[in-house]
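Student: One-letter residues, chain by chain:
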Amino acid sequence: MIGELTNKYLRMDRLPHMWCPGCGHGIALGALLRAFDRVKIDKDKTVILSGIGCASRAVGYLDFSTVHTTHGRALAFATGLRLLRDDVKVIVIMGDGDALAIGGNHFIHACRRNIDITAIVLNNQIYGMTGGQSSPTTPQSRLSTTTPYGNFARAFDFCNLAIGAGATYVARATAYHASLMTELYANAIKHHGFSFVETFTQCPVNYGRRNKFPDPASMLQYMKDISVPFKVAQNMGSDELQGKIVIGELIKEKEDVELNEVVRERIMKFRGGAQ
Amino acid sequence: MIGELTNKYLRMDRLPHMWCPGCGHGIALGALLRAFDRVKIDKDKTVILSGIGCASRAVGYLDFSTVHTTHGRALAFATGLRLLRDDVKVIVIMGDGDALAIGGNHFIHACRRNIDITAIVLNNQIYGMTGGQSSPTTPQSRLSTTTPYGNFARAFDFCNLAIGAGATYVARATAYHASLMTELYANAIKHHGFSFVETFTQCPVNYGRRNKFPDPASMLQYMKDISVPFKVAQNMGSDELQGKIVIGELIKEKEDVELNEVVRERIMKFRGGAQ
Amino acid sequence: MSQSSHLEPVVNRAFCKGCGICIEFCPANILEFDEQRKCRVTDPEKCIKCYQCEMRCPDFAIELVEKGEKK
Amino acid sequence: MSQSSHLEPVVNRAFCKGCGICIEFCPANILEFDEQRKCRVTDPEKCIKCYQCEMRCPDFAIELVEKGEKK
Amino acid sequence: MTKELRFAGTGGQGLILAAIIYAEAALYDGHRVLQSQSYGPESRGGASKADCIVSDTEIDYPKVYLADFLLAMSQKAFDKYKADVKKGSVVLFDSTYVEIPEKDENIIYFSAPISKTVRDKIGKELASNIAALGTISVIYPLVGEEILLKAILHRVPKATTELNKSAFNVGKKLGKEILESQGSIEFVF
Amino acid sequence: MTKELRFAGTGGQGLILAAIIYAEAALYDGHRVLQSQSYGPESRGGASKADCIVSDTEIDYPKVYLADFLLAMSQKAFDKYKADVKKGSVVLFDSTYVEIPEKDENIIYFSAPISKTVRDKIGKELASNIAALGTISVIYPLVGEEILLKAILHRVPKATTELNKSAFNVGKKLGKEILESQGSIEFVF
Amino acid sequence: MSAKLVQGNEAVVYGAFNAGLKFFAGYPITPSTEIAEMCSRDLPKVGGAFIQMEDEISSIAACIGASLAGFRSMSATSGPGFSLMQENIGYAIMAEVPIVIVDVQRMGPSTGIATAPSQSDYMQVRWGTHGDHPMVSFAPFSVEECFTEAIRAFYWSEKISSVVVLLLDEVVAHMREGIDIDNVENILEVPDRGPFSEEKEGFRPYKVDRDKGAKLPPLGTGYRFNVTGLVHDEMGFPVEDPEKTGDLIRRLHNKIDAVEDEMASYDERYTEDADVIVISYGSVARSSLRAVRELRKNNVKVGFFRPITVWPFPSKRVRELSKKVKNIVVAEMSMGQMVHEVERSVGDSCQITLLQGIKGELITPDAIHNTVSEVISK
Amino acid sequence: MSAKLVQGNEAVVYGAFNAGLKFFAGYPITPSTEIAEMCSRDLPKVGGAFIQMEDEISSIAACIGASLAGFRSMSATSGPGFSLMQENIGYAIMAEVPIVIVDVQRMGPSTGIATAPSQSDYMQVRWGTHGDHPMVSFAPFSVEECFTEAIRAFYWSEKISSVVVLLLDEVVAHMREGIDIDNVENILEVPDRGPFSEEKEGFRPYKVDRDKGAKLPPLGTGYRFNVTGLVHDEMGFPVEDPEKTGDLIRRLHNKIDAVEDEMASYDERYTEDADVIVISYGSVARSSLRAVRELRKNNVKVGFFRPITVWPFPSKRVRELSKKVKNIVVAEMSMGQMVHEVERSVGDSCQITLLQGIKGELITPDAIHNTVSEVISK
Ligand SMILES: Cc1ncc(C[n+]2csc(CCOP(=O)(O)OP(=O)(O)O)c2C)c(N)n1
Ligand SMILES: Cc1ncc(C[n+]2csc(CCOP(=O)(O)OP(=O)(O)O)c2C)c(N)n1
Ligand code: SF4
Ligand code: SF4
Ligand code: SF4
Ligand code: SF4
Ligand code: SF4
Ligand code: SF4
Ligand SMILES: [Mg+2]
Ligand SMILES: [Mg+2]
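Residue numbers (our numbering), protein chains in the order written: chain X, 1 to 275; chain L, 276 to 550; chain A, 551 to 621; chain F, 622 to 692; chain Z, 693 to 881; chain W, 882 to 1070; chain H, 1071 to 1448; chain R, 1449 to 1826.
Don't read these hints as lab results, they were simulated from the structure.
C-beta: ideal position from N, C-alpha, C; glycine also.
There's no promise every hint is true.
Partner residues are not named here, just some residues of chain H that face chain Z (Cβ under 10 Å, in silico) [what the hints assert, rightly or not]:
#, residue
1, Ala-1073
2, Thr-1185
3, Ser-1212
4, Glu-1247
5, Gly-1248
6, Arg-1320
7, Val-1329
8, Ser-1353
9, Arg-1363
10, Thr-1423
11, Leu-1424
12, Gln-1426
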């Protein structure tokens, strides 16, 4: 199965990839390939963009039209790319630092605009690429190279932020939940409007090592342990949910107007008028 | 009353201010002076910052230590200014474009960090200073110089975004509700941690004129008509709340840890160790 | 707001920009434009000291002051 | 996931980085490290075809393939 | 022939539009034109100006050096720009807002209560800028009134056509009254 | 005296730390030193190197030109850097990962199964870099073993002192075995 | 149609439309805002899209995205926004994505005076982004030139597959002149991208001659390659090989050098017999022209030179001219920026005198007149 | 203590601490990250604060804020982040807020090669932000100089009340050398701000001599004035008056010009009898030094000149030297940036030959050796 998919969707000549042993980004990439297969993606009519970071290096392996943009700006590039191109699917892959530290503004504005883009954030709660500095999702008291005494800043709840910003599809999975991930990716790609899937991944080298996870598997195990399906979470109090990750589809709206549609409508109006 | 306050808190030699006739920013400034009086603010121990825009010109009249920063960056300046200075109150005044368009990222990160700063956003739903372009809070279908056919983008709900980003004090008033505004400003200043008061103000020149408001008073009247107190809103469905503004204190948390405290704690630990 | 009867609304014409907000919302209906489109108090005695004008004037141009203390 | 009995897990040693994830989570306990810390299948017959290894391998290095089709 | 015209007043009076219309009319009339203005926050409260250069040769320097004609619709603006006029230039005040200055040998002063008249006759003081154009068409006929009216109607919203026509006429009338009372002058443009 | 040393292998092997420790030891020993390395994503999978220049005069150019000593702990690294050594230089392989190359007249080859020995004896292959330093202290005694051990203990976490001491000893032992089997060489530094 | 009264900023948009503009992303800032406003009104009419982004960083990012999607894209800004765009300007240069950026210069540094004219972004245009990169920039001095230079900007951005900065100043941007848009002569025809090889599989957009720009087919049309700001190979994938690195950086420069002469444009008058030449660009050149004409009336032998292609600076011609005159006067609304290029071009061939303009006002013909007179009398 | 093995980046932090650093705000980026990491560990120990901000824009904004609050502040970054900082760099210059920014140069443009050395931000340091502004920048070439130049950066940023950029390259930043931090000689004592007038009411921070920097007391201590990026009066409030505008812009430049000689620093060796001089800075200067020494061994009369104060460029000295030699070789890890300053300084006094380094590698002594030999044999 995966062999077929990698042959189909990846640039085999560029593998093995550059990610460290046990890096969760690879698991997410695998799930994305399965989702591609499920939605029967058209390689020639899909553009995949990313920012800068380990997560963003994914585009270097995908046999698509790919754009490796600047740090934090992938969604802004994607917005411009998508606006006049109703014929392409646009998928954006980012890291947590990429999407929420330097790229936070573009993220909330993409949510607001409800433009038809699928954003996948591989949240390893750390800056992997630059060697393990804290990110806006690093949990409190965790160690990183810039929080040597434990992180004292509060972390974002990525999905809550997206919801607050008005996103119409918000979902979450972890690297442990590889098949849920596949399903969410597929649904996100099918969603009409802006869709966002947060994916917890493990960075054994720059997060795990410093935070007493003996190996990548133990990080997956931890994700499994703290995950709660959305349906279950709805019947839990906020105290109970402390320290937990809620997984599944958190928001899935249908009615809202997608940005491109309005743009197209406007153009059509004038064109109609002109011709 | 207001004469005393202006004498005390404003630079009288710089008045009358540059705002247009009927501009709501002036009403908000008045409410702020009343709040200052209520909390007995110490002029010498308070720093007021702003970004760029009509709203941000407020600092040019306040007889305090004032910093008129760059467009969108006031909260980032304020964060640096506040971190080692527990002795000062820090207040930041911004416009909607300032705080949420170009400054959106700093806004959500300030919410996340819960640093002890009071942010007041004068939301006139338009870029006043540059002559009436749409802002991220311009309601759908409204006219502006860059939405000549009606705004097609969705607008942020500023307070929802702040809540999604983790803010611990979130409140809203309108220029019509001048005494509520005073109360919220006072409470926000007293709040320990990051506090945010969204204030709807009218821009008769660049918003009102284009959107069929005959005069400033009619804009205030409209604000009055669409406002719903938070308590009342809690018993209303989302359909009923469509097109309404919920006013009052939306979030007022007490328990959360404020950023400066942790920084100070850390320093004290080391100082204790060193001396 | 205290309803002290020794107060009266006074307009600072140098500050008033003639926006009309106070005029519109004065419950006693005692404010109007003068020829130069500045606010004028027609009948100070009828003022109910509600402070609405003072609170909503964007220009700090109308204020309730001790009678005779007109600035 | 279909439990077809004609499938067996096969490791692509060129891709395997020896992270140990598949080994830890294989319910049949038939995966282990070889001398060079790459994954090795000890007893393909015991495989229950749950695909957990394949889905969680970050390196596309382990796969269930038609028996004998070993790459 | 090169004439430099300045329209000065405060922010809300629509003088930039007046200058644009004037320039456009001059352009229709076969002249070369260059129109410019001062922008900015200061233009809200303080004095603001809009300039228009009309010429029959290439216009190089794009600013008004010394005006041949000045329209002053606010006291501040007049005080600020009164020095920047040529000898022999024409200054038209809106006496609603500008006090009539002492006589100056070198300058031809005309004055009329433009804003007040518009307010009284049309109801909307907003149209005073258009009225001023009407007055100018009479007292300083560099560009003819018909072509000026054409330019006005091209630039203002359709819905306000009638309003603006009336304002223009009000202005023309004021211009004629001026000439009647102050005597007309022959300009060679 | 100027000697250029290079420690080469793959990302996870701790060769930068080894080079830092070596440089620090040489510094303690009164030499001037300059330590540098190649960083970057490529250092994850591919060949990475850490350099150390030891000298008794000012070190100007901060890179290793041609190495006097090369430690090669991976095949890729050896293949990449084998050409950048001087005539008469010393190369130490970790035979766990590097195939012993054909003899070369101009180069002195030493080899020992460093990683494998550490894995077997200490359990944690991670400490192979420290073991390598032990081996070097014996076969290429530019910096004495005591001072090297001091530098090691200064740089590694306190909790791992014993582990690293053992690794260092394992390495020294390997060094001695090499010299016994291959015969020792007099170096004049 | 006959002549219309058009603003400099508006003429830029007319020019852009003539050149096939289909996408504008921007963020309002004085004195460039009219460009965005006009695009918001008129782009939908030609099937294009306007979007107001959250800031200038995302504005240029969106333009790059739209250009990669196959559309002619433009943004417009002023100093503060231009500073924010710098990182992504470097990206467009590195990835070789054609876009046009209008920088309407205002008084700086920082917020400065939003409404005051200036020419103090000249050096920033060239050097504002990090790393080695070339830069192309055109500076009009009239409304008609705003139109023609906008077209030229698109023409060259497509030809070299890179960024072109259209450099205005507040005076040029806001003044209105009469122009008959439909009858401007010698309008360049902006080339379509491509043609691209029929063979989509394995297409290499960066496999081009050593002095040519990349050939980027619209993404999502079957050509599958990578676009990146990293040093990359012919298919756009990251490499770190020193030779390939050097080749890429050199090609990015070569492709400009190769067309420098063709791209060069300047306006030279009265230089034949001149003893002094006044060099200036943009609105200041109009003051210079007035001053030069007046001086000529007094029989002063003064010449006029105005770079229109301001980057690359027309060094060769300036050097030639410097050998024929005793003095060059450079007039700029700045502390002196273009004068650095004049100095580099001239060497010790003649004296150079700088007339600075730092008061937030257009330099007057008088000031230039006086400077020339002083220089001559010395 | 005796000598310790210290990395260039670490030495910068040691220097900053010596100079009284109390605040660091930054965003990680290779090859500068160690500076942030060390500050996060050690600043709390001296009562200071470290904060990792959401990006580079907010990092420098926070530094400006902290400096206004009265604390010595620093940020560190590399090209992409430095590009993003440009707008606020202009703010600090305009509002005259002392801060130090470390730019560790890596291969550009754009993301380039994150780990490869370069010197291609040299011109950006000077011209990266919009508007007229001066710039001061120091470039160390050894670990010890990273320490001493960091101190000098703080010294001068306080003296001129403005931004100083400490310009490293990846090689200098990442190499380790032995240095005895406690016994470095001739360390500058960084002055405290002030003294400020006792009279707080009506205090005017920008009322200073025509060639002096502002005097900014910590905000929130009773001195109530305004700080802005707009053109402002002596109390910091916006003005648009042309004369005041000109005076402000001129003073911002004058205050640097006034101390240029005192601030100038360069390393000159073997120039007495030289026929050729090699000019380079940072890590390339170490290659040059090796090459020059080797050439001298062969009796080639070659000199060595290394600007340490790279902005303002030591033009006067270079001009003097150019009159004594036939050739100047400029070696830079770029397409040639500092060479522009050399050209402006030298005029036609001697030949200039540029050795470019654009492969993401330190230029080797061999390359310099060869270039000098060629130049001489011509
Ligand atoms: C403007 C800019 N600032 C900083 C960097 C350095 N940088 C590269 S990747 C990265 C963060 C990566 O973290 P994340 O986005 O979480 O991705 P991960 O590597 O963890 O997958 C940073 C800070 C950069 N490339 N550009
Ligand atoms: C970097 C930058 N971009 C753009 C601008 C131009 N600008 C000044 S104020 C402003 C928006 C003002 O709108 P808002 O923040 O809502 O304040 P208001 O004027 O409505 O009170 C803009 C876009 C600027 N000064 N700096
Ligand atoms: S550093 Fe972390 S995130 Fe990056 S490849 Fe390695 S494990 Fe993955
Ligand atoms: S433009 Fe609008 S926001 Fe600005 S001062 Fe005028 S009314 Fe107020
Ligand atoms: S206080 Fe109330 S009643 Fe009196 S004038 Fe004001 S608004 Fe009217
Ligand atoms: S509200 Fe104030 S400014 Fe407006 S009319 Fe009344 S007094 Fe005048
Ligand atoms: S498919 Fe399941 S049982 Fe078989 S090897 Fe993989 S994890 Fe083990
Ligand atoms: S999960 Fe993949 S990479 Fe990891 S040990 Fe198993 S086969 Fe190897
Ligand atoms: Mg991450
Ligand atoms: Mg606003």
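Student: Against this structure, judge whether each hint is valid.
Tutor: Here's how the hints hold up against the structure:
no., hint, in the structure
1, Ala-1073, "holds, 6 Å"
2, Thr-1185, "holds, 3 Å"
3, Ser-1212, "holds, 9 Å"
4, Glu-1247, "holds, 5 Å"
5, Gly-1248, "holds, 4 Å"
6, Arg-1320, "violated, 42 Å"
7, Val-1329, "violated, 31 Å"
8, Ser-1353, "holds, 6 Å"
9, Arg-1363, "holds, 7 Å"
10, Thr-1423, "violated, 21 Å"
11, Leu-1424, "violated, 20 Å"
12, Gln-1426, "violated, 18 Å"
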